[in-house]
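2 protein chains.
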Amino acid sequence: MLQAPKHQVAGHLASDGKLGPLVDDSGRFYKPLQGEGRGSKELAFYETFSSDTRVPDHIRKFFPVFYGSQLLEASNGSGLCLHLVLQDIVSGRINPSIIDVKIGSRTWYPEASDDYIKKCLEKDARTTTVSLGFRIAGLQLYEGKESGFWKPGRKEVQSFKVDNVRSVMRRFVSSDSSIGNENPDCSFAPSIYGGPAGILEQLLELKAWFEDQTTYHFHSCSLLILFDKESVLKGSTPVAEVKLIDFAHVLEGKGVIDHNFLGGLCSLIKFVSDILSESKESSIKANEESEKPHNCTNNGNCT
Amino acid sequence: MLQAPKHQVAGHLASDGKLGPLVDDSGRFYKPLQGEGRGSKELAFYETFSSDTRVPDHIRKFFPVFYGSQLLEASNGSGLCLHLVLQDIVSGRINPSIIDVKIGSRTWYPEASDDYIKKCLEKDARTTTVSLGFRIAGLQLYEGKESGFWKPGRKEVQSFKVDNVRSVMRRFVSSDSSIGNENPDCSFAPSIYGGPAGILEQLLELKAWFEDQTTYHFHSCSLLILFDKESVLKGSTPVAEVKLIDFAHVLEGKGVIDHNFLGGLCSLIKFVSDILSESKESSIKANEESEKPHNCTNNGNCT
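Order-wise, the sequence lines are chains G and B.
Counting from 1, one number per residue, gives the positions in the first sequence under UniProt numbering.
Counting from 1, one number per residue, gives the positions in the second sequence under UniProt numbering.
What the hints contain is simulated information worked out from the structure, not anything from laboratory work.
Note that identical chains are pooled: a pair holds if it fits in a single copy or bridges any two copies.
SDA-like, lysine to any residue: derived pairs with alpha carbons at most 20 Å apart: (1) Lys207 to Val256; (2) Lys123 to Ala112; (3) Lys254 to Ser273; (4) Lys18 to Gln34.
Go ahead and model the full structure; you've got the sequences and the hints to work with.
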């Protein structure tokens, strides 16, 4: 019953006979071990991390549950291949809106090969990685039953500038997230970005850990933010989540904090909190407007 | 009455007929405008910053007071040259111990020339800039009346690895800071790094501003930490200070936080707080030891 994930927004896709991850209907995600040693490094990370008693319990929720590894038929028909067995983090969600954010102002690390560093440096400077401390690596925004998802292609996402990133982060929490809408209302910001279980609080919880932990340096790792727009529209309490994925380039921290990840995370936090503040201000403004007598104009002069 | 500063630990020195800053005996520091447009950029920064009402008052203490600019005879005898007139931040201090920390895991910025970027990248990777998010650019540690200052040369400082940096940060607050001492006692850590007016609190105050301000990006800027060891030895309340200097590469933030500076600052904070925690632990241990009856051995068995 294995199939390609419906809601994958970045990375290699198991479609058209290519090698990519698979999911089953029990909520597990099978990720084939990547080449050039990356896969075995990621497996080693999950093994170390899952038994690392220094990681606080409240931080584990940001990582997919690790169930070990398993030999499975690869999606590209190349035969048996070792897969990481992980929690499928979108299992149970109907139409999740997802943004995949690659965190850090630098995706390379000095221990890597010169070629790898050069490739990363060029992409970091071309995208918002250097300027923002993060870049969007993929996304899907659910617009509604008729229009479905807005899921721009890889090239379009890679061409995002700072303004596009800000716009995507606003549209993510807007009732009308279609491209044509140049002034998204951010009406879901208070319930998705804000609140005690919202994205901002989760990011701040993660930040506090990164200010202290000196065990792992997460290079080129992705932070997903996701929620179900339909559940908000239906009036049920939305569950907004932050998850970290992709650990093929995790290095030992050796007593130093991951300042590269932390700096990018703080930059993302500032974007989220700015959108949240704006949405609160505009809702106060709207309330003030609605409390004014109807025969008053905007400048307060009664007609 | 102009002369070369006694306590300059990094940058160009006004000695042997070279161009460098000068000080007078009224507490002012005269910095000649650097070439290749850097000097005029730094002057422009000071002019903008000093009249920027968005900068909170409690943040201004981290910057030298700016008194404008003045034409003065250059220290290299090349004639009149425009100088920045700044507060001499070590004026009034007798034998200050100083560490000059260049903050950020990246000293370059995409707008710079390819040559400049290449030069910075190489130096960033060779020093602790990439690994730690900061590097020590210079220092002087006062050891006492007889031995005077330990002030390693530029080449030695540039060769510092992570362990050297940690060692310098420990020796900075130790009663015996000489090189021969491999296990510095960090006995001044509680009064210099700790306490309500200590270095750690000041760094945290600065951090809170950097988490929010999106106006300035401080590339290749130095953070000085300094105090007078003699005043501690004499039992008077030590005044430990944090100051930012060197603003020739400050760029507009354009609504994005300075994640590069912030990440490095958080890394420095972790170093300081680790040394402070260790020194507290060892002082608790020492107290416990001293409270034991003298005929008991370390493992608690009485002889």
